[in-house]
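Asks: Residue strings, one per chain:
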Amino acid sequence: MASSGSELGGVFDHHVQRAVCDTRAKYREGRRPRAVRVYTINLESQYLLIQGVPAVGAMKELVERFALYGAIEQYNPLDEYPAEDFTEVYLIKFMNLQSARTAKRKMDEQSFFGGLLHVCYAPEFETVEETRKKLQERKAYISRTTKNKDHYMTKKKLVTELKDKKDFRQDFHSRTSGPCAATLNTSTGNSDLCLPYSCELPLCYFSSKCACSSGEHMGWASDSSRGGRNCAGTVEHCMHNDSSQKIQMKPFKNSLACPGAQKATTSSEAVDRFMPRTTQLQERKRRREDDRKVGTFLGTSTSSNEVMIGPLLPHIPKVDMHDDSLNTTANLIRNKLQEVRSFLETVLRGAWVAQWVKASAFSSSHRPGVLGL
Amino acid sequence: MAQKPKVDPHVGRLGYLQALVTEFQETESQDAKEQVLANLANFAYDPSNYPYLRQLQVLDLFLDSLSEENETLVEFAIGGLCNLCPDRANKEHILQTGGIPLIINCLSSPNEETVLSAVTTIMYLSSPGSGSPPELTAMPVVQCMLRFSLSANTRLRNLAQIFLEDFCSPSQVAEARTWQAHSALGIPLPRTEAPQQPRPRETSQP
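Respectively, the protein sequence lines represent chains A and B.
Using the UniProt record's numbering, the letters of the first sequence correspond one by one to residues 1 to 373.
Using the UniProt record's numbering, the letters of the second sequence correspond one by one to residues 1 to 206.
Hint data in this document are derived by calculation from the structure and do not stem from the laboratory.
Be aware that a few hints might be false.
[To be verified] In silico BS3-like links for lysine-lysine, alpha-carbon gap of 30 Å or less:
id: 1; chain 1: B; residue 1: Lys91; chain 2: A; residue 2: Lys133
id: 2; chain 1: A; residue 1: Lys133; chain 2: A; residue 2: Lys156
id: 3; chain 1: B; residue 1: Lys33; chain 2: A; residue 2: Lys26
id: 4; chain 1: A; residue 1: Lys139; chain 2: B; residue 2: Lys91
id: 5; chain 1: B; residue 1: Lys91; chain 2: A; residue 2: Lys147
id: 6; chain 1: B; residue 1: Lys91; chain 2: A; residue 2: Lys149
id: 7; chain 1: A; residue 1: Lys157; chain 2: A; residue 2: Lys285
id: 8; chain 1: A; residue 1: Lys157; chain 2: A; residue 2: Lys133
id: 9; chain 1: A; residue 1: Lys147; chain 2: A; residue 2: Lys133
id: 10; chain 1: B; residue 1: Lys33; chain 2: A; residue 2: Lys60
id: 11; chain 1: A; residue 1: Lys134; chain 2: A; residue 2: Lys147
id: 12; chain 1: B; residue 1: Lys33; chain 2: A; residue 2: Lys293
id: 13; chain 1: B; residue 1: Lys33; chain 2: A; residue 2: Lys157
id: 14; chain 1: A; residue 1: Lys133; chain 2: A; residue 2: Lys93
id: 15; chain 1: A; residue 1: Lys285; chain 2: A; residue 2: Lys156
id: 16; chain 1: A; residue 1: Lys106; chain 2: A; residue 2: Lys26
id: 17; chain 1: B; residue 1: Lys33; chain 2: B; residue 2: Lys91
id: 18; chain 1: A; residue 1: Lys156; chain 2: B; residue 2: Lys91
id: 19; chain 1: A; residue 1: Lys157; chain 2: A; residue 2: Lys147
id: 20; chain 1: A; residue 1: Lys155; chain 2: B; residue 2: Lys33
id: 21; chain 1: B; residue 1: Lys33; chain 2: A; residue 2: Lys93
id: 22; chain 1: A; residue 1: Lys157; chain 2: A; residue 2: Lys93
id: 23; chain 1: A; residue 1: Lys157; chain 2: A; residue 2: Lys134
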């Protein structure tokens, strides 16, 4: 069908309202009767043509009605556009395409001052730059959406894959030596059971606690408490890296600094959280066996590649409650008590020293020799 | 715009798309084929459907439909491709399955929307500068775009201009201009075009 639309403001095929399709199969009938039409990015536009506006001087009301859907950049009547008797045609340019899409969807076939509006896109009014921008934004939108989906799907895929590869990991664990690999092993194993905390906490916070509790296993009693504070301090760092770790998935990475251990465990924890409980209990038993073997090498290998957080204090013997989650909870409580204890010690020591200095200063001026100085 | 189907929730999106594909392959009715293809092409607008569409090989269905006699089917198929080709995975699939010649053929369609969709698809399949498949900026294509850029049809003119500015090198455009003066092209403008420029003369090669 030849169109007389070569000049701007002429009638184009895409302006013409097509007949509604009434031969659709039942299963694919929509809620509203629609014509058979494909919408591409070429057809959509920030320019909307509105036909069938009753000629009652209601331009202001029309624009106000459309402005509900987004900011309007400009609007004008199209006086040369062929229109039915007593109706007018308007052109409205929205600031962005999405507003135009919404307005078109909502306002097409709507009643307005007694008439039925027919709203369609008018891409022929676009400049080259506007068309270019439209195409680029479409591409950017798709890249953005697909990237997010990819990230989400990779996460899910990771979980399933690692469940399958659990056996492989067990073999690997039995072969590794070194405290930090064991730290990783233990912490991954303990990841989801060691905490009474809610799941909303970031995973790396979980791992920081786990690394500390596993440090406990290793005999880094007060180190773990300091490690706890230090690890908590790196929570934000972990959170920032969280998304990338999930994709990288290197639980056996040999970056052995404490933050590094957290990073490496973060991704595998995502998996372990979904492992069946009985499997995890067995896993943890096995890892504890490995830890005990490895624990003997602490003194020699640690210094070479581990960042020491605090002095090595004697290992506090603990009661075994014959249940892993109880043991873990007990460890955490013990750590906390240790933390508080050492803090209080510091405070009290400091206070005592201050007191002593004060007293000695006082006594030396009045009663020399009382404190044995 | 995507249709809103009344679908059994158990069936889900994948099931619905599968039903569409099955109907397209089995039906004898041209109307039903057009409706289903339009439905699929509109689904191709939404990136959340891309995994399903790839799984159901709808991309191949679109490419195959480009060779149909029915112009409406071609229009809807190229529209569907235009909608989903900005996605990288879809783009690679189209390039690997030899879709380029089929899409370039659409440039000679008498249907305005088909040509517009074809031009846009070619742009999305190209990458600015080097790296895009060479057939997309081959001489016939560039010459075709040159003619489109002089068209009275604003939409076509805009798209062609963007193609020449962003996806062709100046030397390619200059060479195409030189050739255009001498050779017959055989890619007519779409039917809806008002003939404002001199028709290409059927001359022999110099």
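Asks: Each hint should be assessed against the structure and marked as holding or not.
Replies: Cross-check of the supplied hints:
no., hint, in the structure
1, Lys91(B) - Lys133(A), "holds, 20 Å"
2, Lys133(A) - Lys156(A), "violated, 35 Å"
3, Lys33(B) - Lys26(A), "holds, 15 Å"
4, Lys139(A) - Lys91(B), "holds, 12 Å"
5, Lys91(B) - Lys147(A), "holds, 15 Å"
6, Lys91(B) - Lys149(A), "holds, 17 Å"
7, Lys157(A) - Lys285(A), "holds, 27 Å"
8, Lys157(A) - Lys133(A), "violated, 35 Å"
9, Lys147(A) - Lys133(A), "holds, 21 Å"
10, Lys33(B) - Lys60(A), "violated, 44 Å"
11, Lys134(A) - Lys147(A), "holds, 20 Å"
12, Lys33(B) - Lys293(A), "violated, 70 Å"
13, Lys33(B) - Lys157(A), "violated, 36 Å"
14, Lys133(A) - Lys93(A), "holds, 15 Å"
15, Lys285(A) - Lys156(A), "holds, 27 Å"
16, Lys106(A) - Lys26(A), "holds, 24 Å"
17, Lys33(B) - Lys91(B), "holds, 25 Å"
18, Lys156(A) - Lys91(B), "holds, 24 Å"
19, Lys157(A) - Lys147(A), "holds, 15 Å"
20, Lys155(A) - Lys33(B), "violated, 38 Å"
21, Lys33(B) - Lys93(A), "violated, 35 Å"
22, Lys157(A) - Lys93(A), "violated, 44 Å"
23, Lys157(A) - Lys134(A), "violated, 34 Å"
In this structure, the hints that do not hold are numbers 2, 8, 10, 12, 13, 20, 21, 22, 23, in rising order.
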